[in-house]
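Engineer: Sequence:
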Amino acid sequence: MDILRSLRTVSAASGPGVVDWDRAAAAAKASTEPGSVALTDAERDGYAEDVRDARARLREVAGVDFEVPDAIEVQNRHHWIDASVDTFRNVMAPIEAAAGRDDGSAVPAGAHAQGFARDLSRVANTGSMAFTLGFLARNVLGQYDPLLLADEPTVDHGLYFVHPNIVAAAASLDVDLPRFRRWIAFHEVTHAAEFGAAPWLSEYLESRVERGLEGFDEGGLTGGSIPVDALDTAPFVELQAAMTAVEGYAEVLMDRAFDGEYADLRRKLDARREGGGPVQRVARRLLGLGLKRQQYEQGAAFFRHVADARGIEGASAVWERPENLPTRAELDDPEAWLARVDPA
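Letter by letter, the sequence shown follows residues 5 to 348 of this note's numbering.
It cannot be assumed that every hint is accurate.
Derived EDC-like pairs: lysine to aspartate or glutamate, alpha-carbon spacing no greater than 20 Å straight-line [unchecked claim]: (1) Lys272 x Asp259; (2) Lys272 x Glu301; (3) Lys272 x Asp178; (4) Lys272 x Asp180.
What follows is a list of derived Cβ distance ranges for each label pair [stated by the list, open to error]: (5) Glu71 x Leu177: 41 to 49 Å; (6) Glu218 x Pro326: 14 to 22 Å; (7) Ala238 x Ala343: 22 to 30 Å; (8) Glu327 x Thr237: 14 to 22 Å; (9) Ala238 x Val171: 38 to 46 Å; (10) Glu339 x Asp26: 44 to 52 Å; (11) Met247 x Ala275: 18 to 26 Å; (12) Ala75 x Leu177: 23 to 31 Å; (13) Ala305 x Val241: 17 to 25 Å; (14) Ala313 x Asp49: 36 to 44 Å; (15) Glu265 x Thr44: 22 to 30 Å; (16) Ala42 x Glu64: 29 to 37 Å; (17) Val95 x Arg271: 27 to 35 Å.
Hints in this document: simulated from the structure, not taken from any laboratory.
Quick reminder that beta carbons are idealized off the backbone N, C-alpha and C, glycines included.
Construct all of the structure, not just a fragment, from the sequences and the given hints.
Structural biologist: What follows is the structure, given as structure tokens:
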């Protein structure tokens, strides 16, 4: 890990965009130890077996048919950064497009000062993105990647396991590594089940992101965040409700499908999500990970109520069509959703 090299890389940010994506990825990797992916044969077979078993068990419990992506990768932290930077780039593309519009008119007075401010903004944005990528790369355990806003929508979705993080987390939580790895596999394959059961879900999420970012300029990205008032627009409200459903359903389904005792894993993983030192806690707040935690809790409470009332197959009706997604109000009132959707 070389913090100075990371800072030098960020300071050299250039190009026409509001983020220099190549330097953001390079700076994130410079500040992050890659970790080892030197797997034994038993570990390699273990990942494959966990994914196969999770798929079979989730199909049985949820009553939904889906396939696991062909692209199943055991990664180190640098691999995860390389795999994820394009997703961040695609999400921010509407902002960059708006910021880059030029009508070709003559250079106005003060343009040089504006150009200098733009360069400073690009450096700040690149630094924010490098920090985000590095922090997540050191903490993500596994990830189902539906490749939202991908340039090639026909490319297969991805299923990633960040092996050095799984090993480190199992050690810090004092849990058996193969059992913990299996738990993570069940969680990520559950997300594959959701998107497999709802072929429309990727397009639904993409459309809300694109509509929510319409009209943003580069100022909306400064500091790596979106203005708070923008999150109350209809597209972002719908996006947040959908993601709450995605996270909550996954929590409940994996709890009911996991083929072993999990209470201690749930308790320790919840503590890990909330814990860490002061720097980690501040980073989670800045990156909005507290919101993700709220999504887990609110969504899980919603689907526990629905599954208790109609069974997990009844809860799976949420993926039949976009209209079955709960609204923000229904997430706090699952009986209203049951009355409207009336799942069998």
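Engineer: Against this structure, judge whether each hint is valid.
Structural biologist: Verification of the hints:
1. Lys272 x Asp259: holds, 14 Å
2. Lys272 x Glu301: Holds: Lys272 and Glu301 sit about 15 Å apart, inside 20 Å.
3. Lys272 x Asp178: Distance ~9 Å between Lys272 and Asp178 Cα, so the pair holds.
4. Lys272 x Asp180: Distance of about 12 Å is within 20 Å: holds.
5. Glu71 x Leu177: 41 to 49 Å: violated, 31 Å
6. Glu218 x Pro326: 14 to 22 Å: holds, 20 Å
7. Ala238 x Ala343: 22 to 30 Å: holds, 23 Å
8. Glu327 x Thr237: 14 to 22 Å: holds, 20 Å
9. Ala238 x Val171: 38 to 46 Å: holds, 43 Å
10. Glu339 x Asp26: 44 to 52 Å: holds, 51 Å
11. Met247 x Ala275: 18 to 26 Å: holds, 23 Å
12. Ala75 x Leu177: 23 to 31 Å: holds, 28 Å
13. Ala305 x Val241: 17 to 25 Å: holds, 19 Å
14. Ala313 x Asp49: 36 to 44 Å: Since the Cβ atoms of Ala313 and Asp49 sit about 40 Å apart, the hinted range of 36 to 44 Å holds.
15. Glu265 x Thr44: 22 to 30 Å: Hint holds: Cβ distance 25 Å, inside 22 to 30 Å.
16. Ala42 x Glu64: 29 to 37 Å: With a Cβ separation near 34 Å, Ala42 and Glu64 satisfy 29 to 37 Å, so the hint holds.
17. Val95 x Arg271: 27 to 35 Å: Given a distance of about 33 Å, which is inside 27 to 35 Å, the answer is holds.
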